[in-house]
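Peer 1: Chains as they are written, first to last, in our numbering: chain A, 6 to 143; chain B, 6 to 143; chain C, 6 to 143; chain D, 6 to 143; chain E, 6 to 143; chain F, 6 to 143.
If you are wondering where the hints come from, they were derived from the structure by calculation, not from laboratory data. Any given hint could turn out to be false.
What the hints assert, rightly or not - Keeping only pairs whose Cα atoms sit at most 30 Å apart, straight-line, the calculated DSSO-like set for lysine-lysine is: (1) LYS59(F) to LYS59(C); (2) LYS99(E) to LYS59(F); (3) LYS59(F) to LYS99(F); (4) LYS99(B) to LYS99(A); (5) LYS59(D) to LYS99(D); (6) LYS99(C) to LYS59(C); (7) LYS59(A) to LYS99(B); (8) LYS99(A) to LYS59(B).
In this text, all values refer to a predicted model and were calculated from it rather than measured experimentally.
Protein chains: 6
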Amino acid sequence: MALVPLLTDDEADARARAVFDDIRTTRANNYINNIWRALANDPDQLQATWSQVKRTMAPGALDALTKELIYIAVSAANNCSYCLHTHTAAARSKGMSEAMFNELMQVVYLASLTNRVAIGLQVELDQRYLQPPSPPAA
Amino acid sequence: MALVPLLTDDEADARARAVFDDIRTTRANNYINNIWRALANDPDQLQATWSQVKRTMAPGALDALTKELIYIAVSAANNCSYCLHTHTAAARSKGMSEAMFNELMQVVYLASLTNRVAIGLQVELDQRYLQPPSPPAA
Amino acid sequence: MALVPLLTDDEADARARAVFDDIRTTRANNYINNIWRALANDPDQLQATWSQVKRTMAPGALDALTKELIYIAVSAANNCSYCLHTHTAAARSKGMSEAMFNELMQVVYLASLTNRVAIGLQVELDQRYLQPPSPPAA
Amino acid sequence: MALVPLLTDDEADARARAVFDDIRTTRANNYINNIWRALANDPDQLQATWSQVKRTMAPGALDALTKELIYIAVSAANNCSYCLHTHTAAARSKGMSEAMFNELMQVVYLASLTNRVAIGLQVELDQRYLQPPSPPAA
Amino acid sequence: MALVPLLTDDEADARARAVFDDIRTTRANNYINNIWRALANDPDQLQATWSQVKRTMAPGALDALTKELIYIAVSAANNCSYCLHTHTAAARSKGMSEAMFNELMQVVYLASLTNRVAIGLQVELDQRYLQPPSPPAA
Amino acid sequence: MALVPLLTDDEADARARAVFDDIRTTRANNYINNIWRALANDPDQLQATWSQVKRTMAPGALDALTKELIYIAVSAANNCSYCLHTHTAAARSKGMSEAMFNELMQVVYLASLTNRVAIGLQVELDQRYLQPPSPPAA
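Between the sequences and the hints, there should be enough to build the whole structure, so can you do that?
Peer 2: What follows is the structure in structure tokens.
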């Protein structure tokens with residue numbers, strides 16, 4: 006049960022409806038996920054969040070599926086049930102095979118373990134990783 | 006300052022030294038990171054952890070660089086300073102460009118935000134994501 | 006389903022019932038939340054926790070509503086579903102408007118993102134923030 | 006040591022420098038914090054992040070100081086050392102007294118404890134908090 | 006609803022079934038928990054995880070019940086509902102009394118609070134804890 | 006560098022000094038850890054925290070060393086560097102051997118991994134763990 010109502014198209018205000026329309030067009034899909042209907046209670050935040058999703062998840066130096074895998078990994082680390090369900094579905098629809106999902110999760114589990122080794126033992130960083138990165142060439 | 010000594014090759018016992026040797030061979034690199042020298046105080050755990058790293062990070066349905074990106078994403082979510090430094094270096098040595106790193110981090114930031122939207126508003130999962138996945142075909 | 010029974014007034018022991026009574030008096034409300042009925046299995050901890058809640062949430066240099074907002078923010082960061090529901094209700098009953106809730110959540114989302122920027126990029130603290138704070142004047 | 010170089014004004018590109026300029030104007034302060042110099046390696050993300058900070062931290066239904074307190078609370082929950090230092094300084098410069106800081110932290114500590122009670126005991130939500138919130142009046 | 010099917014004995018492949026058999030034998034109990042049926046979709050990971058559980062949870066310098074208590078503590082800190090339920094049941098079956106459970110949780114709550122004090126105030130480590138630990142005697 | 010000054014005995018007020026004295030007496034040790042000197046800026050919180058530490062860490066159904074192990078486990082999960090250093094030292098002074106420390110950490114690593122399996126795959130709880138616990142006998 007969300008802390009705010011999930012607004013229908015009729016309940017959402019004009020700005021929120023415009024975002025719904027853009028989501029539908031961008032995704033070529035008429036369905037609007039609950040998270041957007043919840044965010045519609047704050048049209049400013051809805052707009053800002055959607056515009057960041059649109060910009061960030063578009064393919065670039067990384068392809069769209071790799072971005073979904075990274076998104077799932079963060080959602081698993083952050084314990085976001087909603088996000089794990091919706092983005093696993095999204096990744097599958099973008100071509101994630103079950104073998105890819107298994108390997109994604111294997112890395113998530115491994116990093117969960119080794120992160121805890123480094124933190125639990127308070128391992129200090131090796132000198133060789135302490136060199137300042139160089140600025141981009143002019 | 007680690008909670009346990011970082012064992013030199015001479016201080017490590019025979020089983021730990023055998024793991025050090027396998028790390029050197031597998032990575033074609035003589036350097037042993039501090040995390041392994043810390044784990045060498047518990048040779049059983051050193052062996053189990055290294056064998057899991059070796060198995061998990063090898064290319065399969067996902068290539069080795071994609072696995073490093075996922076690893077970095079989890080390490081950022083888990084706030085593991087040691088892991089962020091060492092795996093960013095590893096990813097760069099495996100071909101991660103600065104554009105790729107930027108996009109990786111963009112997805113990490115976005116998921117951090119939208120995970121918090123879904124959690125903060127306690128958005129309930131859409132019915133459509135609640136279908137039981139089917140078992141593999143016989 | 007809690008890991009311990011939610012004790013009714015009859016099942017709770019005398020010390021726990023005394024805390025229930027104080028909660029009822031302090032809040033001018035007969036209802037006892039499930040968290041207190043769960044804690045009643047350990048009357049010492051029930052008493053200690055309630056006394057800390059009573060002391061901490063009372064208005065002081067910060068008013069009672071601001072304290073509820075801070076409480077919600079931490080509960081969102083910690084992914085505590087129970088706490089988000091009960092304290093959002095409490096904040097609304099203390100006068101939190103939907104506009105205030107929206108802005109509270111905007112800051113929670115923003116901090117979730119920028120915290121991850123600072124951590125993900127391992128940004129070192131600017132020298133100017135490293136000055137030791139001075140002790141209070143005698 | 007950040008994972009990317011902290012770009013000086015000269016090293017930053019034109020878009021990043023424009024953001025630096027807007028930060029300086031908005032804050033009436035010539036100093037640019039390290040987090041912005043780190044983000045300048047990705048001018049798109051720098052611009053998006055700064056525009057969200059500017060929009061979100063401006064006073065509205067909540068005043069600017071209350072927003073800083075919420076920001077600090079989230080940063081404490083997320084263990085962001087950089088953010089705790091910079092935003093505690095910001096809050097002090099906006100009028101946070103030591104008494105206010107103490108009470109802020111008291112609530113953060115309390116919520117950390119009671120969040121863990123609700124989670125640790127897996128307390129189920131009281132029926133009364135499960136009513137769907139009503140949509141805004143037309 | 007899990008993201009992968011919970012495989013029955015018939016749906017699991019031969020390697021996964023062999024792990025199921027070893028779980029049954031080791032625990033002298035015919036029931037297989039859902040987590041293993043979910044992991045059975047990735048027999049490699051199932052095998053690796055079970056072998057680590059078997060090795061780690063066996064009594065050694067710490068007895069089996071103390072290990073369960075530590076496991077519950079981590080699961081509470083990590084907000085793992087599934088793990089809290091299953092391991093509290095396991096600990097009770099290994100002899101954890103309600104008094105022990107109460108004290109376990111008291112420490113979990115206390116550490117949640119004092120961890121947040123140390124982090125929230127950014128308390129620097131006392132010099133006396135910064136001495137390097139000595140390597141084991143030859 | 007803490008966000009508040011670490012108060013010397015002379016800088017602390019009378020109430021804080023009384024807590025310092027009780028710490029010294031209880032621990033039969035003249036040294037006061039930095040965390041108490043930081044908390045001394047808020048004598049109420051100092052007093053409340055110390056009284057909870059004193060009550061909780063005393064032996065009861067669990068012995069003092071087991072409580073330290075649980076404390077370390079939570080501190081590792083919460084990424085509290087200060088707490089890991091101070092409580093590992095405390096546990097060693099109370100008799101924790103290196104073999105015990107290794108096994109403690111093995112369980113912490115394992116739970117970090119399996120918590121992430123249960124969360125990452127969103128495994129639903131087995132029916133058998135959903136029985137309501139019974140209230141204590143009258």
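Peer 1: Please work out if LYS59(D) and LYS99(D) have their alpha carbons no farther apart than 30 Å.
Peer 2: Holds. LYS59(D) to LYS99(D) sits at ~16 Å (cutoff 30 Å).
Peer 1: CA of LYS59(F) to CA of LYS99(F), is that 30 Å or under?
Peer 2: 16 Å, holds
Peer 1: Taken at face value, is the distance from the CA of LYS99(B) to the CA of LYS59(A) at most 30 Å?
Peer 2: 28 Å, holds
Peer 1: CA of LYS99(B) to CA of LYS99(A), is that 30 Å or under?
Peer 2: 25 Å, holds
Peer 1: Between the alpha carbons of LYS99(C) and LYS59(C), is the straight-line distance 30 Å or under?
Peer 2: Holds: LYS99(C) and LYS59(C) sit about 16 Å apart, inside 30 Å.
Peer 1: Is the straight-line distance between the alpha-carbon of LYS99(A) and that of LYS59(B) 30 Å or less?
Peer 2: 28 Å, holds
Peer 1: Please work out if LYS59(F) and LYS59(C) have their alpha carbons no farther apart than 30 Å.
Peer 2: The hint holds at about 21 Å.
Peer 1: Just to be careful, I want the Cα atoms of LYS99(E) and LYS59(F) compared with a cutoff of 30 Å; is the pair within it?
Peer 2: Holds. LYS99(E) to LYS59(F) sits at ~28 Å (cutoff 30 Å).
The earlier numbered hints are all upheld by this structure, with none contradicted.
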